[in-house]
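Chemist: Which chain is which? The protein sequence lines are A and B, in order.
Residues 0 to 247, numbered by numbering that gives the first Met the number 0, are exactly what the first sequence covers, in order.
Residues 0 to 61, numbered by numbering that gives the first Met the number 0, are exactly what the second sequence covers, in order.
There may be inaccurate statements among the hints.
[Unchecked claim] Listed next, the stretches of chain A that the computed footprint assigns to chain B, with coverage defined by at least 3 CB atoms under 8 Å from CB atoms of chain B:
id	region
1	137 to 149
2	177 to 191
[As the list claims (entries may be wrong)] Covered, in the sense of this in silico footprint (three residues per stretch, anywhere, with C-beta under 8 Å from a C-beta of chain A), are these stretches of chain B:
id	region
3	25 to 33
4	36 to 49
5	54 to 61
[What the hints assert, rightly or not] Cβ-Cβ distance ranges computed for the label pairs, FRET-style:
id	chain 1	residue 1	chain 2	residue 2	range
6	B	ALA21	A	ARG174	21 to 29 Å
7	A	ALA211	B	VAL24	34 to 42 Å
8	B	THR18	A	GLY81	41 to 49 Å
9	A	ARG112	B	ALA17	34 to 42 Å
10	A	ARG174	B	THR44	40 to 48 Å
11	A	MET171	B	ALA21	21 to 29 Å
12	B	SER42	A	PRO207	28 to 36 Å
13	A	ARG174	B	ALA17	20 to 28 Å
14	A	MET180	B	PHE32	27 to 35 Å
15	A	LEU121	B	ALA17	50 to 58 Å
16	B	ALA17	A	ALA162	21 to 29 Å
17	A	PRO207	B	VAL24	42 to 50 Å
It should be emphasised that the hints constitute simulated quantities derived from the structure, not laboratory data.
Built from N, CA and C at the ideal position, the CB exists for glycine as well.
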Amino acid sequence: MFRRIFFTAIVAGLLGGVGISVVHEFTTTPIILHAEEFENSGGDDAHKHSLRSGGISLIAPAHAHGPEKTADGDEAWGPGDGLERTLFTTLANILTGIGFALVLTACFALSGRPVNGQTGVLWGFAGFGIASLAPSLGLPPEVPGAMAAELAGRQMWWILCVAATAAGLWAMVFRNGAAWMIGGIAVIAVPHLIGAPQPERIGGNVPPELAAHFVAASLVTATIFWCATGWLAGTFWDRFSSSEAQEV
Amino acid sequence: MTQNAQKSATATVIDARATVLAPAVLALLLGAFLVLGTGFAHSDTIHNAAHDTRHSFAFPCH
Numbered sequence: 000m001f002r003r004i005f006f007t008a009i010v011a012g013l014l015g016g017v018g019i020s021v022v023h024e025f026t027t028t029p030i031i032l033h034a035e036e037f038e039n040s041g042g043d044d045a046h047k048h049s050l051r052s053g054g055i056s057l058i059a060p061a062h063a064h065g066p067e068k069t070a071d072g073d074e075a076w077g078p079g080d081g082l083e084r085t086l087f088t089t090l091a092n093i094l095t096g097i098g099f100a101l102v103l104t105a106c107f108a109l110s111g112r113p114v115n116g117q118t119g120v121l122w123g124f125a126g127f128g129i130a131s132l133a134p135s136l137g138l139p140p141e142v143p144g145a146m147a148a149e150l151a152g153r154q155m156w157w158i159l160c161v162a163a164t165a166a167g168l169w170a171m172v173f174r175n176g177a178a179w180m181i182g183g184i185a186v187i188a189v190p191h192l193i194g195a196p197q198p199e200r201i202g203g204n205v206p207p208e209l210a211a212h213f214v215a216a217s218l219v220t221a222t223i224f225w226c227a228t229g230w231l232a233g234t235f236w237d238r239f240s241s242s243e244a245q246e247v
Numbered sequence: 000m001t002q003n004a005q006k007s008a009t010a011t012v013i014d015a016r017a018t019v020l021a022p023a024v025l026a027l028l029l030g031a032f033l034v035l036g037t038g039f040a041h042s043d044t045i046h047n048a049a050h051d052t053r054h055s056f057a058f059p060c061h
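This is chain A alone, in the form it adopts within the complex (with noise of 0.2 Å):
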């Protein structure tokens, strides 16, 4: 069991990063550099969305956001401009793929179920509802140059989105009868009703046509992440299976 969830998640996670990385330098990445020439030049205007709710964004700007010095005045390394930069995106992509990919495939396990390419697609669209769509509609993807509200505020509240759409959507699927299915709707909309935090003041460099676009361009990328990554997970998952019984 151990080698079948960790082998089909490392394949599945793998070929998902990469196949991402491929649309991502076609459709986000694009808008994201064009929209990091706004955020650079509007002085002091730039760098206004580090500084919300009355306190200091707990990460240093990037690379991309100007010649910023770290507390020890030295500069943060970040990887150059070209294909030193695209390598990286991919490197994180492909672990973001494995991460993603391990807590489907413990998924796929703890269920029970049996899965295949097809089932594991339906996985894959749960995945994606979960970690793209419910955290979207209260912090909708982000260019750079945004303005919005005190990261670690922003991740704790993506963080219990996540949570409570999995518990809600799991009490749903997996789980019979009308207490469950209004459980669960509760447990998804809790995070909505407590709200996520939000920027004092709108506004940033970026035009909004440029920011919207890339809304529609991270979710259409994430949906095909999560589809892709699903179906090589449910196909390894169900290959495994056959050559598991096999050996036994």
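Could you slot chain B onto chain A? The hints should help.
Modeler: What follows is chain B alone, placed relative to chain A:
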């Protein structure tokens, strides 16, 4: 079904759950570690290296 057969069936179910639970929990924890490490870590270096991934996957950034 005899009592022995019932006991054996129960033991098989518990065994099956035990063999699934440990690797599944380990995979969940490692998966969460990878996603949070890449998408959420407050390290300048990791943030800069994974910057475009964080934006594209709509993880909270900056």
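Chemist: Next, verify each hint and record whether it holds.
Modeler: Hints and how they fare:
Coverage of the region 137 to 149 of chain A by chain B holds in this model, with 7 residues showing a Cβ closer than 8 Å to a Cβ of that chain against a need of three. With a threshold of 8 Å between beta carbons, the proposed coverage of the region 177 to 191 of chain A by chain B is violated, since 0 of its residues qualify and at least three are required. Residues of the region 25 to 33 of chain B lying with their CB closer than 8 Å to a CB of chain A number 8, which satisfies the three-residue condition for coverage. Taking a C-beta to C-beta cut-off of 8 Å, the region 36 to 49 of chain B contributes 11 residues in contact with chain A, enough for the three needed, and the coverage statement holds.
A count of 8 residues in the region 54 to 61 of chain B with a Cβ less than 8 Å from any Cβ of chain A is obtained; the coverage claim is therefore met, three being the minimum. Evaluation of the 21 to 29 Å hint for ALA21/B and ARG174/A yields a pass: the beta carbon distance comes to about 24 Å. Hint check: ALA211/A to VAL24/B, Cβ distance near 40 Å, so the stated range 34 to 42 Å holds. Separation of THR18/B from GLY81/A is about 48 Å and conforms to the stated range, judged on CB atoms against 41 to 49 Å.
As the Cβ distance of ARG112/A to ALA17/B is approximately 18 Å, the hint placing it in 34 to 42 Å is violated. Between ARG174/A and THR44/B, the C-beta spacing of about 43 Å keeps the proposed range 40 to 48 Å intact. The hinted range of 21 to 29 Å is satisfied by MET171/A and ALA21/B, whose Cβ atoms lie roughly 27 Å apart. In this structure the supplied range 28 to 36 Å holds for SER42/B paired with PRO207/A, their Cβ-Cβ distance being about 32 Å.
The given range of 20 to 28 Å is respected by ARG174/A and ALA17/B, whose C-beta atoms sit roughly 23 Å from each other. A hinted range of 27 to 35 Å holds for the C-beta pair MET180/A and PHE32/B, which are about 32 Å apart. The given range of 50 to 58 Å is broken by LEU121/A and ALA17/B, whose C-beta atoms sit roughly 27 Å from each other. A hinted range of 21 to 29 Å for the beta carbons of ALA17/B and ALA162/A is consistent with their spacing of about 25 Å.
Under the hint 42 to 50 Å, the C-beta atoms of PRO207/A and VAL24/B, about 44 Å apart, fit the expected range.
Hints 2, 9 and 15, counting from the list given before, are not met by this structure.
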